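Model the full structure from these sequences, guided by the hints.
What follows is the residue order along each chain.
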Amino acid sequence: MAVLVCAVVRPWGWPEAVVAVPAAGLVIGTGAIPLGHARAEAERLGPVVGFLAAVLVLAQLCDDEGLFDACGAWMARAAAGRPRGLLAWVFVIASVVTAVLSLDATVVLLTPVVFATAARIGARPKPHVFACTHLSNTASLLLPVSNLTNLLAFTAGGLSFTRFAVLMALPWLVAVAAEYLVFRRFFATDLDAGARAPAAPGPAGRPVFALATVCCTLAGFVLASAVDVSPAWAALAGALVLAVRALARGRTTPAAVARSAALPFLAFVLALGIVVRAVVDNGLAEALGHLVPAGTGLPALLGVAALAAVLANLINNLPAVLVLLPLTAPSGPGAVLAVLLGVNIGPNLTYAGSLATLLWRRIVHEHDTDVDLREFTRLGLLAVPTALAGAVVALWAALHATGGRM
Amino acid sequence: MTTVVWIAEGTWPACVDAARALAPEPAGIVLLHVTAPDVPGAACGAYAGLLGRGRPERDPGARLERAAAASAAELLDAAAARLGRPCSRLERTGRVEREVVAAAEGAGLLVLARDGDRNRLGPRSLGPESRFVVDHAPCPVLLVWPEPAPDVGTIPPPPRRP
Numbered sequence: 019m020a021v022l023v024c025a026v027v028r029p030w031g032w033p034e035a036v037v038a039v040p041a042a043g044l045v046i047g048t049g050a051i052p053l054g055h056a057r058a059e060a061e062r063l064g065p066v067v068g069f070l071a072a073v074l075v076l077a078q079l080c081d082d083e084g085l086f087d088a089c090g091a092w093m094a095r096a097a098a099g100r101p102r103g104l105l106a107w108v109f110v111i112a113s114v115v116t117a118v119l120s121l122d123a124t125v126v127l128l129t130p131v132v133f134a135t136a137a138r139i140g141a142r143p144k145p146h147v148f149a150c151t152h153l154s155n156t157a158s159l160l161l162p163v164s165n166l167t168n169l170l171a172f173t174a175g176g177l178s179f180t181r182f183a184v185l186m187a188l189p190w191l192v193a194v195a196a197e198y199l200v201f202r203r204f205f206a207t208d209l210d211a212g213a214r215a216p217a218a219p220g221p222a223g224r225p226v227f228a229l230a231t232v233c234c235t236l237a238g239f240v241l242a243s244a245v246d247v248s249p250a251w252a253a254l255a256g257a258l259v260l261a262v263r264a265l266a267r268g269r270t271t272p273a274a275v276a277r278s279a280a281l282p283f284l285a286f287v288l289a290l291g292i293v294v295r296a297v298v299d300n301g302l303a304e305a306l307g308h309l310v311p312a313g314t315g316l317p318a319l320l321g322v323a324a325l326a327a328v329l330a331n332l333i334n335n336l337p338a339v340l341v342l343l344p345l346t347a348p349s350g351p352g353a354v355l356a357v358l359l360g361v362n363i364g365p366n367l368t369y370a371g372s373l374a375t376l377l378w379r380r381i382v383h384e385h386d387t388d389v390d391l392r393e394f395t396r397l398g399l400l401a402v403p404t405a406l407a408g409a410v411v412a413l414w415a416a417l418h419a420t421g422g423r424m
Numbered sequence: 002m003t004t005v006v007w008i009a010e011g012t013w014p015a016c017v018d019a020a021r022a023l024a025p026e027p028a029g030i031v032l033l034h035v036t037a038p039d040v041p042g043a044a045c046g047a048y049a050g051l052l053g054r055g056r057p058e059r060d061p062g063a064r065l066e067r068a069a070a071a072s073a074a075e076l077l078d079a080a081a082a083r084l085g086r087p088c089s090r091l092e093r094t095g096r097v098e099r100e101v102v103a104a105a106e107g108a109g110l111l112v113l114a115r116d117g118d119r120n121r122l123g124p125r126s127l128g129p130e131s132r133f134v135v136d137h138a139p140c141p142v143l144l145v146w147p148e149p150a151p152d153v154g155t156i157p158p159p160p161r162r163p
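Residue numbers (the numbering used here), protein chains in the order written: chain A, 19 to 424; chain B, 2 to 163.
When the alpha-carbon atoms are kept at most 20 Å apart in a straight line, the in silico SDA-like pairs for lysine to any residue are as follows:
(1) A:Lys144 <-> A:Ala98
(2) A:Lys144 <-> B:Thr36
(3) A:Lys144 <-> B:Arg99
(4) A:Lys144 <-> B:Glu98
(5) A:Lys144 <-> B:Leu77
(6) A:Lys144 <-> A:Gly99
(7) A:Lys144 <-> A:Ala206
(8) A:Lys144 <-> A:Gly103
(9) A:Lys144 <-> A:Val110
(10) A:Lys144 <-> B:Arg64
(11) A:Lys144 <-> B:Glu75
(12) A:Lys144 <-> B:Asp118
(13) A:Lys144 <-> A:Arg203
(14) A:Lys144 <-> B:Arg93
(15) A:Lys144 <-> B:Ala74
(16) A:Lys144 <-> A:Leu397
(17) A:Lys144 <-> A:Glu393
(18) A:Lys144 <-> B:Arg67
(19) A:Lys144 <-> A:Arg102
(20) A:Lys144 <-> B:Gly95
(21) A:Lys144 <-> A:Gly398
(22) A:Lys144 <-> B:Glu92
(23) A:Lys144 <-> B:Ala70
(24) A:Lys144 <-> B:Gly11
(25) A:Lys144 <-> A:Leu400
(26) A:Lys144 <-> B:Ser72
(27) A:Lys144 <-> B:Arg132
(28) A:Lys144 <-> B:Ala68
(29) A:Lys144 <-> B:Glu100
(30) A:Lys144 <-> A:Trp107
(31) A:Lys144 <-> B:Ala73
(32) A:Lys144 <-> B:Pro129
(33) A:Lys144 <-> A:Arg214
(34) A:Lys144 <-> A:Phe204
(35) A:Lys144 <-> B:Arg96
(36) A:Lys144 <-> B:Ala63
(37) A:Lys144 <-> B:Thr94
(38) A:Lys144 <-> B:Phe133
(39) A:Lys144 <-> B:Ala71
(40) A:Lys144 <-> A:Ala96
Hint data in this document are derived by calculation from the structure and do not stem from the laboratory. Computed from a prediction, not measured in an experiment: that's the story for all the values here.
Written out as structure tokens, the structure reads:
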């Protein structure tokens, strides 16, 4: 609990790892988790963390190459001065970016570009920026790389990269489509206000190299999983290619590349995994065990997804998925993927990802306290149940169609 | 007596044109833009929701705040250029509807545009913010169409009485 509190509160601006790593040492030292279990957890999380680092670096280097600015110029042109057109293209781009380069890329790198694009065509920015924040969660269903929660589940659930993507493709499409319909209605006023065509389409670079590298990396994921090699190697290769090019051209420094790998974050993930394992081993499994519906029928999947969504909203999606994975993994991939639907779509109910974060930010009056909570919650209450229910039914259909029910 | 012109994305050109044509005192025009903090705030919150990424310098909220300030200044510049006569500019931050009402205090006229669903004219042809401003404005209000006003022929026939 203390680790979670500190991760949310971040006393004195410490990185989360400052508390989480000693806490992991403590649970191992006091014998709360047998050394063997801790090692198993670390061995399981090691490749996940490496994969994550490679994708973070890849996304940052794509930004350095101008990929996101090019997306902005392209969206402005495609929207042709119509806010509804812009919203549609924001949905397409944000969904693809989230799926391929992870939700971090959408939140940190794409959202400012989308705001600038809306401002450039004179459209009201709110629907488009809110779409980015929602899609960074909802559109992170498709690939294991899209979200850290997926990476954790993908190793635990015994699914290959390709099979994960095949099973999640339909839920991903359904969830994004549901969000789109909700957004068009919810923001009708802002979208009807109009805009003007871009005065002068700015000089847009064509980051062909970055785009080609990302496509090759994607192909590498599929190929690696076909020959039973960890797809993390494909991500590493993609990141290396872009890093070497950027370094050779003097666009970045080795220190900047290392920084974009976010080492403290990776240490935090590892430590959080060990701490949560200790908590689950020491009684949480029994406590939650009877709450988790068994089986892979539609009602069971809906129940699992709803439980995961509630838990993600209470604590945060990362600890939620770590808690629920050991409990659902025995029921097969269907249940694990339902957990992912819940923890990935669920956080849209509050704009800060979980009640814990939200309450804390309200208490310390960080500068986002001006966000109209009622409006955001109303949007979440419309979008989350719609997207979640649709996605679970789509998952159930996909499991049926591919005969994947255990 | 000043004329306050509410400059909002999408609908502002009609307001500027109306102010130029109808302001009681041509010299006293104030162009008002209100930036809502909830857009940068939402980006900030989304980043805060990513557990474990404790690097404030990557927070997109700060970048959005700077971009919002720049875009507001650009919008007011464009509006002043369209007006083509001396005017003052007023940039405020906060809840849009309340800031507009506060800025209109003591003004002789407030100009704003319809910004709701204009395909079906009725209560929803004003968005929630303009509705609030029209209801609470402390001065006369000039409500203009963002596009040419529809002609009288578009009014549906009256409901039949039994």
